[in-house]
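A.B. asks: Each chain, letter by letter, is given below.
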Amino acid sequence: MSLLAVSDVTIRYGRLTAVREVAFTLAEGEILFITGPNGAGKSSLMRAIAGVTPPAGGRIDFGGAEITGRAPEDIARMGLSMVPEGRDVFGSLSIEENLIVGTGMHTRERGWRVRAASALEEVYDTFPILKERRHSQAGLLSGGQQQMLVIGRALMTNPRLIAIDEPSLGLAPNITDQVYERLIGLRRHRKLTLLIVEQSSTRAMMVGGRMILMRGGQILLDGDAQAMGQSEALQAAYFGYAEGEH
Amino acid sequence: MLQVLFDALSLGSLYALGALGIALIFGVMRLVNFAHGDVIAFAVFALLWPSVDAVAIVFAGKMPWFLLIPFILAVGAGLSVLSEVVVFRRFRHASPATMMIASFALGFVIRYFLLMLFSSRPKSISLLPALSQPVEVLGARMPLLQLITIVATLVMLTGLSVFVRRTRFGLEMRAAAENFTMARMLGVRANRVIMGAFALSGALAGAIAIILGSQTGTVDIQMGGAVMLMAFIATVIGGLGSLEGAVLAGFLIGAASVVMQTVLPPEARPFRDAFVYGAVILVLLFRPQGLIAARGTKERV
Chain A
93 MSLLAVSDVT IRYGRLTAVR EVAFTLAEGE ILFITGPNGA GKSSLMRAIA GVTPPAGGRI
153 DFGGAEITGR APEDIARMGL SMVPEGRDVF GSLSIEENLI VGTGMHTRER GWRVRAASAL
213 EEVYDTFPIL KERRHSQAGL LSGGQQQMLV IGRALMTNPR LIAIDEPSLG LAPNITDQVY
273 ERLIGLRRHR KLTLLIVEQS STRAMMVGGR MILMRGGQIL LDGDAQAMGQ SEALQAAYFG
333 YAEGEH
Chain B
6 MLQVLFDALS LGSLYALGAL GIALIFGVMR LVNFAHGDVI AFAVFALLWP SVDAVAIVFA
66 GKMPWFLLIP FILAVGAGLS VLSEVVVFRR FRHASPATMM IASFALGFVI RYFLLMLFSS
126 RPKSISLLPA LSQPVEVLGA RMPLLQLITI VATLVMLTGL SVFVRRTRFG LEMRAAAENF
186 TMARMLGVRA NRVIMGAFAL SGALAGAIAI ILGSQTGTVD IQMGGAVMLM AFIATVIGGL
246 GSLEGAVLAG FLIGAASVVM QTVLPPEARP FRDAFVYGAV ILVLLFRPQG LIAARGTKER
306 V
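Chains as they are written, first to last, in the working numbering: chain A, 93 to 338; chain B, 6 to 306.
Possibly wrong hints are sitting among the right ones.
Computed footprint of chain A on chain B, listed as stretches where at least three residues anywhere in the stretch have a Cβ under 8 Å from a Cβ of chain A [as the list claims (entries may be wrong)]:
#1 35-42
#2 133-144
#3 192-206
In silico negatives: residues of chain A with every beta carbon more than 12 Å from chain B [stated by the list, open to error]:
#4 A115
#5 N130
#6 D180
#7 T195
#8 T199
#9 P251
#10 R274
#11 L278
#12 G321
Just so you know, these hints were derived from the structure itself, not from any lab.
Note that the structure is a prediction, hence the values are computed from the model and not measured.
Even glycine gets a Cβ: it sits at the ideal position worked out from N, Cα and C.
Next comes chain A alone, as it looks inside the complex (with noise of 0.2 Å):
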């Protein structure tokens, strides 16, 4: 059975659709690349899967159950972590604080503090920096360190699916690099379903997995990421000829 499945899901702003009636499952363990340019409605249909911005239309299931218009903070709390475009970190919070945040989700079970701290630790583990710089502001950090601090952030939500909305925004290729490094070792280890929102292909076919193409609000392609970079389909849909035309 699959994590996750978006079922004909449409997503209007008043009159404009910026996503038509699209449909996909993502299996446990699977990481799935969503790419597409500018406008192709990634980052709606990612708000929409976390609960920020409900769908016009279609529903939603996470983990068996419909999840369709309820409130991100249930959402989050059924295991599906959501890490925004463009690196929301509490700025006048202090990492470690960040990082505490996520857990609270967690405070009526038994024995929830020592599964924090070891999640903590596994955080900084996997993120040094982190711990090196765990009591200065986190609106003090450089964007990589903003983004390993997201991701580890995510991580002491204990989910089982991260969805990343453009984890390489605005950072220098090595630093990218690093990031997905470590988001590759987090799936192989902990067994992760990773949703990843890229505009370029180029990060998806490197990594390998499933990938969606998605232009002007609908799926163009889905299909293995290396097969597709070998095929002009993809060309076709990021510059937008149609059939045949060169």
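Chain B: place on chain A using the hints.
C.D. replies: Here is chain B on its own, set in the frame of chain A:
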């Protein structure tokens, strides 16, 4: 000289507590709650039994202080939480301007409710009369109440600061104040944080009610308004949403009012507030974002 300092501190205490009450709510939901002053008035009237007679029928006001204070704080907190659940929750996604207008409306509802029960005539009460005895501190004579006001405010501010910095609820509130959506995506419950902020803000209104009631010896349905106005100005000067800024600016405005009262020539004193507001304009010209800009309200890049 010392007298001026104590006057400034005690007036500043009122403004700081009021400003903090407004800043707490603004921080989590971008609402400038103009009903705050009426919550203060309501808490003062909770001391009395409803009657339109000119003479106040003291009810809760007769309780010993260790019951009276928690009671009034609870009344303030209760009304504030109720206003969130009944009114503001429905405006959660509305624009700040809409919410502000709703808060004006709620303020009128509270005020006219009090008017109905108590009439508009100010009534005199003697609340905690033992506190009006003068005491001598460092050679300055002042009412015991003034000293208690200053000390109690400092204790409350310290307590609140520890609460906001050290507890999980405080952490969630700071995170929510900076980026509410992100906090929710990390599982922070929006309703809990907002209700907590309203409860704290209402309890602060209760504290102001006790201080005002015992300081002035009168109850009046208008009495929250004047404090509210100055407190609102303090939150703006302090940097909307910044708790430290609100407290700092509250004390500064209190100090400015008291200092101008002594420094201005006697014939200009009736216009003291005009000078205070003039100073406010000057501050905002040079620091439009407030003395301490809050993070969440800054333009995101």
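A.B. asks: Run every hint past the structure and note whether it holds.
C.D. replies: Hint by hint, here is what the structure shows:
1. With 0 residues having a beta carbon nearer than 8 Å to a beta carbon of chain A, the region 35-42 of chain B misses the requirement of three or more and the stated coverage is violated.
2. A stretch counts as covered by a chain when three or more of its residues have a beta carbon under 8 Å from one of that chain; for the region 133-144 of chain B and chain A the count is 0, and the coverage is violated.
3. Only residues whose C-beta sits within less than 8 Å of a C-beta in chain A count toward coverage, and the region 192-206 of chain B has 4 of them, enough to reach three; the restraint holds.
4. Every CB of chain B is more than 12 Å from the CB of A115/A (nearest about 24 Å), matching its label as outside the interface.
5. Every CB of chain B lies more than 12 Å from the CB of N130/A, the least distance being 18 Å, so the non-interface label holds.
6. Taking the minimum C-beta to C-beta distance to chain B, about 4 Å, the non-interface status of D180/A is violated against the 12 Å cut.
7. The Cβ of T195/A sits about 9 Å from the closest Cβ of chain B, inside the 12 Å cut-off, so the non-interface label is violated.
8. Against chain B, the non-interface label of T199/A is violated: not every CB pair exceeds 12 Å, the least being about 7 Å.
9. Some Cβ of chain B comes within 12 Å of the Cβ of P251/A; the nearest lies about 10 Å off, and the non-interface call is violated.
10. The beta carbon of R274/A is kept farther than 12 Å from every beta carbon of chain B, the shortest such distance being approximately 19 Å.
11. Consistency note on L278/A: stated as away from chain B, and its beta-carbon is indeed over 12 Å from all of that chain's, at 17 Å minimum.
12. Interface exclusion of G321/A from chain B stands, the closest Cβ pair being 32 Å apart, more than 12 Å.
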